[in-house]
Amino acid sequence: MTAGSTSRRGFLKRGMAGALFLGGVAAAGDSAQPVALVPGEKSRVVIGRDSKLRAAGAGIDSARLLNLLDRAMQALYGLGSPLEAWKKVVRPGEVVGLKASCLAGRGISTSVALVEAICERLQQVGIKEIVIWDRLNSDLESARFQIRERGQGVRCFGNDVLGYEDDLAVYGSVGSRLSRTLTQICDAVINLPVLKDHSITGVTIALKSMFGAIHNPNKYHLSVGDPYVADTYMLPPIRQKVRLTICDATTALYEGGPSYMPQWTWAYNGLIVGLDPVAVDYTGWQIIEKKRAGVGMKSLKEAGRAPHYIATAADVQHRLGTNDPSRIDLVEV
Amino acid sequence: MSSKHDSMDGAVASRRPEAARQRVRNRPHDCIDAAPSNSVASCLGGNSFDRRAFLKAAALPCLAACAVAAVSDRRLVAATAPGASPAAEDDAQFITEAKFYEKLPYKKIKCKLCPRECVIDDRERGYCGVRENRGGIYYTLVHSRVVSAHIDPIEKKPLFHFLPGAPAFSIATAGCNVNCKMCQNWEISQVRPEQVRSSYVPPARLAALANQNQCPVIAYTYSEPVIFYEYMVDCAEAGHAAGVKSVVITGGYIHQEPLQQLCRRVDAIKVDLKGFSEKFYKEVVNGELKPVLNALVAMRKLGMWTEIVYLVVPTLNDTDEELKGVARWVRAELGLDVPVHFTRFHPEYLLKNLPPTPLETLDRAKAIADAEGLHYVYVGNIPGHPGENTHCPKCHRIVVERVGYTIAAVRIRKGKCQYCQQPIAGVWAV
Chain A
116 MTAGSTSRRG FLKRGMAGAL FLGGVAAAGD SAQPVALVPG EKSRVVIGRD SKLRAAGAGI
176 DSARLLNLLD RAMQALYGLG SPLEAWKKVV RPGEVVGLKA SCLAGRGIST SVALVEAICE
236 RLQQVGIKEI VIWDRLNSDL ESARFQIRER GQGVRCFGND VLGYEDDLAV YGSVGSRLSR
296 TLTQICDAVI NLPVLKDHSI TGVTIALKSM FGAIHNPNKY HLSVGDPYVA DTYMLPPIRQ
356 KVRLTICDAT TALYEGGPSY MPQWTWAYNG LIVGLDPVAV DYTGWQIIEK KRAGVGMKSL
416 KEAGRAPHYI ATAADVQHRL GTNDPSRIDL VEV
Chain B
3 MSSKHDSMDG AVASRRPEAA RQRVRNRPHD CIDAAPSNSV ASCLGGNSFD RRAFLKAAAL
63 PCLAACAVAA VSDRRLVAAT APGASPAAED DAQFITEAKF YEKLPYKKIK CKLCPRECVI
123 DDRERGYCGV RENRGGIYYT LVHSRVVSAH IDPIEKKPLF HFLPGAPAFS IATAGCNVNC
183 KMCQNWEISQ VRPEQVRSSY VPPARLAALA NQNQCPVIAY TYSEPVIFYE YMVDCAEAGH
243 AAGVKSVVIT GGYIHQEPLQ QLCRRVDAIK VDLKGFSEKF YKEVVNGELK PVLNALVAMR
303 KLGMWTEIVY LVVPTLNDTD EELKGVARWV RAELGLDVPV HFTRFHPEYL LKNLPPTPLE
363 TLDRAKAIAD AEGLHYVYVG NIPGHPGENT HCPKCHRIVV ERVGYTIAAV RIRKGKCQYC
423 QQPIAGVWAV
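Respectively, the protein sequence lines represent chains A and B.
First residue of the first sequence: 116, per our numbering; consecutive thereafter.
First residue of the second sequence: 3, per our numbering; consecutive thereafter.
Be aware that one or more of the hints could be misleading.
To give a feel for the contact side, a few chain A residues facing chain B, derived at Cβ under 10 Å [what the hints assert, rightly or not]:
1) Ala219
2) Gln239
3) Leu251
4) Leu283
5) Ile315
6) Thr380
Calculated from the structure, these hints are not laboratory results.
From a predicted model like this one, the values you see are computed outputs, not experimental measurements.
Beta carbons: idealized from backbone N, C-alpha and C, even for Gly.
Assemble the whole structure, with the sequences as input and the hints as a guide.
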């Protein structure tokens with residue numbers, strides 16, 4: 116976490132120092148269960164946007180971002196309180212992992228402000244241990260996260276700290292070692308991808324973010340990532356532990372990804388939130404395509420990199436969610 | 003690293019010298035070119051670690067212990083002193099600019115080392131996992147970064163017609179440019195360099211170690227030496243300067259230009275021809291057949307001593323059609339004198355559901371290749387099998403008798419059969 120003087124940051128600093136402060140609201144006994152996708156029902160995806168998200172000087176206004184997050188979570192669950200919404204996601208006492216996406220470093224990575232906002236809400240619903248994680252310490256540091264490997268409260272470190280399981284996890288075309296942070300530390304994971312295109316796989320949003328949980332993602336970019344991205348998400352610890360996706364679309368990228376290409380970013384000023392990673396990916400893909408069309412660029416299909424893995428993730432073998440727009444309940448707040 | 007399989011279930015021919023048969027029965031027998039389990043430090047000597055490497059190596063058991071403690075009580079203990087970043091300062095010694103790449107706009111690069119031709123964004127790595135784009139400059143991350151080192155008999159590579167009986171100082175780095183589902187060395191080939199313990203062994207040091215251990219040969223093997231190309235070439239040059247030869251054990255998935263430069267520096271190449279269909283290469287190897295065949299043709303044209311291993315995987319590449327295809331192609335494109343080894347598959351990595359190759363299948367493969375007229379056809383990974391012996395192509399008597407990786411007798415004089423004076427293809431003396 117970056118040091119700061121705002122009340123929320125001070126709150127988190129107290130939490131990091133080992134205090135058991137829970138924000139004044141002890142978590143109720145409402146048991147949180149991962150929401151199962153029921154065949155025939157729609158997958159709700161919430162797009163939250165705030166045109167004034169950036170304060171003067173282009174930095175993100177933390178208070179507005181928290182408000183945006185709250186509105187999105189309330190809309191996702193149809194509840195009037197953000198804390199009640201978060202209680203649907205996690206249970207008190209769980210260790211919650213926040214899977215950040217920091218490969219591209221500063222500029223197009225999961226924002227610290229978003230993570231801070233999520234941590235605040237999680238602690239308010241009784242979560243005492245939070246682990247912010249990604250592939251490498253260096254990736255997290257490049258995105259301005261501060262590494263903190265030990266202690267209680269909020270920690271932050273890469274897979275290179277604990278390493279990977281010795282045994283392979285296998286599904287379909289994928290055989291990989293899984294991050295021990297995922298398998299042995301986290302009870303639940305909240306996936307925090309960013310909204311960006313990918314020069315090989317088309318897009319890299321919720322599904323592909325989980326390449327950061329395996330030891331050999333470099334082997335799975337063939338065939339535009341299909342079926343590797345979907346198969347990776349099928350590995351049981353991933354499929355079972357990821358409870359929620361909050362795509363950081365405060366800054367988005369429509370060309371040149373996954374690296375940071377400032378000339379092809381735009382301030383979308385939004386969050387894309389959903390329980391269904393396929394629906395989130397489909398929605399994010401459409402946003403990118405719309406932006407590309409708006410600036411006169413070829414579609415990803417025309418560019419030879421349509422993200423077919425999204426459809427694969429939705430097929431009968433995978434059933435990770437839906438890419439059918441008629442089955443996506445798109446809510447904008 | 004787990005130890006590899008015994009192959010003690012092979013039949014022992016009645017004509018084997020009894021002593022050699024006894025040695026085979028009593029000694030664990032690794033599969034052809036499996037990386038040994040006691041890998042890194044086994045033959046690198048007490049001086050192979052510099053201080054940083056020593057501290058890193060010492061930290062690794064601590065990390066493992068700490069990880070166990072961390073898991074049990076969900077507390078995390080830093081592997082090193084707070085604030086230290088040992089990986090960064092250690093890794094720098096392994097990083098050098100790569101060869102064979104092309105710069106593209108927006109700091110992207112295109113690797114030109116192998117036919118995969120990865121286009122790599124800034125901060126990303128290629129398929130092999132050991133070459134990285136940093137700000138538009140392409141780097142190898144594994145120069146002098148040895149993860150496995152062992153002294154093997156050269157027959158284990160297998161190279162049967164190159165300095166028989168010679169001990170080969172065998173090394174590997176992490177990484178590979180394919181992903182064979184039957185890989186027996188996946189624990190080093192399918193990982194990134196930072197995920198596996200390594201030692202800093204610069205080329206001059208490697209050459210000195212080979213000499214100190216009476217090894218006339220350095221073998222670049224276990225994983226895929228194409229991906230540690232720069233290191234391999236530098237070691238070959240250092241080796242030659244010290245009177246040590248170099249042999250390469252490779253899948254042959256390499257572009258022509260780097261191959262031609264490599265052939266000017268090494269002394270023999272053994273190629274793993276994984277199958278004989280593009281379908282097999284795509285589905286099982288995640289590679290391509292044609293570039294490998296092109297590489298083999300180029301090696302022969304350049305006069306490189308070449309041997310081929312065809313790992314026979316039950317139900318996947320063992321049809322008569324494929325086996326005939328291999329034999330006919332070798333006869334037509336490479337010549338009758340290129341040794342071909344049909345070796346036994348053992349369940350491993352992502353193909354644990356398949357059985358080991360039946361002996362009958364290997365015998366069938368050998369029979370097919372013999373019928374096509376190839377002079378030197380072998381059966382591998384079955385110690386004691388008569389298919390391990392070298393026969394004179396003219397008088398058919400045994401000129402090199404082997405039991406497993408042990409040479410029982412050599413009946414070649416000045417490169418010729420001692421019985422009928424027929425030249426026996428190969429490199430028989432330094």
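Now for the hints, and whether the structure bears them out:
Taking 10 Å as the C-beta contact cut-off toward chain B, the hint placing Ala219(A) at the interface holds, the least distance being around 7 Å. About 21 Å separates the beta-carbon of Gln239(A) from the nearest beta-carbon of chain B, more than 10 Å, and the hint is not met. Because the smallest distance between the Cβ of Leu251(A) and any Cβ of chain B comes to about 8 Å, under 10 Å, the interface hint for this residue holds. The beta carbon of Leu283(A) comes within 8 Å of a beta carbon in chain B, closer than 10 Å, and the hint placing it at the interface holds.
For Ile315(A), the suggested interface contact is upheld, since its CB lies about 8 Å from the closest CB of chain B, less than 10 Å. Hint status for Thr380(A): violated, given a least beta-carbon distance of 13 Å to chain B, over 10 Å.
Of the numbered hints stated above, those contradicted by the structure are hints 2, 6, listed in ascending order.
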